[in-house]
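Whenever a hint applies, use it, and build me the whole structure from the sequences.
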Amino acid sequence: MNEEKYLVFENYLNNDLDFEEKETFENELKSNSEIASAFEIYKDLTIHLQQKFETEKQLNAYKENLKIASGTNNKKFGKIFSLRPIYLAIAACFALVFGLMIFNNSKSDPTFTDYYQKENANFTE
Numbered sequence: 002m003n004e005e006k007y008l009v010f011e012n013y014l015n016n017d018l019d020f021e022e023k024e025t026f027e028n029e030l031k032s033n034s035e036i037a038s039a040f041e042i043y044k045d046l047t048i049h050l051q052q053k054f055e056t057e058k059q060l061n062a063y064k065e066n067l068k069i070a071s072g073t074n075n076k077k078f079g080k081i082f083s084l085r086p087i088y089l090a091i092a093a094c095f096a097l098v099f100g101l102m103i104f105n106n107s108k109s110d111p112t113f114t115d116y117y118q119k120e121n122a123n124f125t126e
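Counting in the working numbering, the sequence shown runs from 2 upward without gaps.
Pairs of lysine to any residue residues, derived as SDA-like cross-links and limited to a Cα-Cα distance of at most 20 Å, are as follows:
id	residue 1	residue 2
1	K23	N12
2	K23	E11
3	K44	S32
4	K6	I42
5	K44	N28
6	K23	L8
7	K6	K44
8	K6	E24
9	K6	N28
10	K6	E27
11	K44	N15
12	K53	E11
13	K44	F26
14	K44	D17
15	K44	E55
16	K44	F10
17	K23	A37
18	K31	L14
19	K68	E57
20	K44	F54
Ranges between beta-carbon positions, derived for each pair:
id	residue 1	residue 2	range
21	E57	E11	17 to 23 Å
22	N3	K31	19 to 25 Å
23	E4	N61	28 to 34 Å
24	E57	E21	35 to 41 Å
By construction, these hints were calculated from the structure, which means they are not laboratory data. Every value quoted in this text rests on a predicted model; they were computed, and no experiment measured them. For each residue, glycine too, the CB sits at the ideal point set by N, CA and C.
Structure (structure tokens):
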């Protein structure tokens, strides 16, 4: 097959032929089995390549979307606990000491001042 036939095949598949050229080509396909088989092979190969490249484009677009999405999510949000562990431990110790002081003050034993009541002295009767 020469290059001109492949150009005609391509134009036919893309519907770029005018009505007369299209009729001539279809009649040639019906009359010549060699051209018909070559056209079928070319058509199948073209369809396969179109599907392959569409799939690759979709795959590349998906990968780009993943890169964009992962980049924006990591930049947007920081760590939840940005404090260093030593600062967290010191804050926990202060909270524990403060809690123990409050607990011990409310549960203290009664002392003399709790029961002592001062009475006024009356020296006259």
